[in-house]
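Novice: Protein chains in written order, with the working numbering: chain A, 1342 to 1705; chain B, 161 to 291.
Do not take every clue at face value.
As the list claims (entries may be wrong) - Using 30 Å as the maximum straight-line C-alpha spacing, the simulated DSS-like pairs for lysine-lysine come out as follows:
id	chain 1	residue 1	chain 2	residue 2
1	A	Lys1365	A	Lys1449
2	A	Lys1617	B	Lys208
3	A	Lys1514	B	Lys175
None of these hints come from the bench; they were simulated from the model.
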Amino acid sequence: MLEQKDKIKVLYIDDEPNNLISFKASFRFDYTVYVANNTDEAVVQLRQHPDISVILSDQKMPDKTGVEFFEEIRKEFPNPVRILITGYADIESVINAINRGHVYRYIKKPWLEEDIKSSIEQAYKFYITTAMLAVKNDELQKAYNELDKFAYSATHDMRGPILSVLGIIDLAKNTDDINETRAMLDMMENAMQKLDNYIQNLHDYYSIRRGEVAIAEINFEDTVKDLSDIYEVSSKMSNVRFVKTVDQQETFRSDDVSLKIILNNLLSNAFKYQRKGNTDRLVELKVEVSKGMAVITVSDNGIGIPENSINQIFNMFYRATSEEVGSGFGLYNVKDALGKLGGKIDVSSKQNEGTTFVVTIPSK
Amino acid sequence: MSQEKLNFIVVDDSKLDCFIAEKIIQNSGRAEKINTFQQATDALEHVKNLPLPHGKTIIFVDIQMPVMNGFEFVESFETLPDETREAISIYMLSSSINENDIARVRGYASVKQFLNKPLTNNSIAMVLEQF
Chain A
1342 MLEQKDKIKV LYIDDEPNNL ISFKASFRFD YTVYVANNTD EAVVQLRQHP DISVILSDQK
1402 MPDKTGVEFF EEIRKEFPNP VRILITGYAD IESVINAINR GHVYRYIKKP WLEEDIKSSI
1462 EQAYKFYITT AMLAVKNDEL QKAYNELDKF AYSATHDMRG PILSVLGIID LAKNTDDINE
1522 TRAMLDMMEN AMQKLDNYIQ NLHDYYSIRR GEVAIAEINF EDTVKDLSDI YEVSSKMSNV
1582 RFVKTVDQQE TFRSDDVSLK IILNNLLSNA FKYQRKGNTD RLVELKVEVS KGMAVITVSD
1642 NGIGIPENSI NQIFNMFYRA TSEEVGSGFG LYNVKDALGK LGGKIDVSSK QNEGTTFVVT
1702 IPSK
Chain B
161 MSQEKLNFIV VDDSKLDCFI AEKIIQNSGR AEKINTFQQA TDALEHVKNL PLPHGKTIIF
221 VDIQMPVMNG FEFVESFETL PDETREAISI YMLSSSINEN DIARVRGYAS VKQFLNKPLT
281 NNSIAMVLEQ F
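Please put together the full structure from these sequences, using the hints given.
Specialist: Printed below as a string of structure tokens:
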């Protein structure tokens, strides 16, 4: 027998209590059956159980007909599939109702159990297909919106560095000073690194979006060591203390690529957004694994995030500061990757004091 | 043609593009003073606090910037007193090829023209012809 939660949820409306009882008796093993004695009760049931997927209603009832009822509730409850049960020869109104889309199907009274069952099964299939279509439509709309944003950003973030370099080349052509030319080469290098960084972020974005999750055992000691090799350089160059602690006593399973995208972005931000005058610059990475959860804390004592932008930092292409060069992609990717791993992220920050990100990821 | 000296203000979140603009402006030989800002809010403060009356001033402002973008800068500028805005000409610069952005620039009374990035000897010469 199907579990309670997997059963199709059906609502049956009839003014005759006997019909309700026999309906419930016949189908309660196959479906989760809700019944209503009149249309007001039916609306209450629908509000209480928004996952009802099929509604069956008697046509002839004292307060209103089944068709009228369906017509009324269609706006508030557009998703459940509507089936009319009619014992009368008022076939005209039934045809009319079907044609106007109020009714998916009608069943003649007295009904046969098989008729009801096959109608409910078909109605449910229709319900699922329609629901999936709505979900897919939402996803598509989201993808379109992101594409629009992306197209807009691409002209700025990808063309920007190229135009800067073209500008410098134009200047360099007109200078004979070798030192000035060298300085210009450094600037061009910077611009190209910025572009490269943007393209790598873009690649991350697509690997999160389209890539499959590959679950494997994660040894955080190794992960942190790989990251250290990269960030020791930034640590020395920009004079930032880098403190790492890993406490992992149990196995942890997750997707290595997504984890690295998360850690890389949080760490590179922590190193990037340091305060200029600060003599004790610090980035701290702490990993604790216990009870099937990994809690990763990345904190810095850098410039912090202004209070009014903290809600927007995970939005695509949002940049909270012009202090440093950011693509507006990094934290968006972090959030996306966390969505894939079923994790969450919390941020606390104070301007000119620093920022702490706490990431919680369940083992898979 | 009179070669009147002008003040310049460059607003661009990219340090590099500030540098380019500064160089190009210097090369033009028309600069009395050049101020560059990587944050539009700082530039706005600077403009607000200019001693009056100030000489002819040209502002080059980038469109896409974090915190305060070029459009927001212009909108705030347009609320400043007449005496402050007098003798200031704004040019908007962008790497954007977005039609909406370019169309939007035309909607601002205080913006003289939209210029493509990067600022070059040629494009600044065209601008300076009008002064």
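Novice: Evaluate each hint against the coordinates.
Specialist: Verification of the supplied hints:
no., hint, result
1, Lys1365/A with Lys1449/A, "holds, 18 Å"
2, Lys1617/A with Lys208/B, "holds, 27 Å"
3, Lys1514/A with Lys175/B, "holds, 20 Å"
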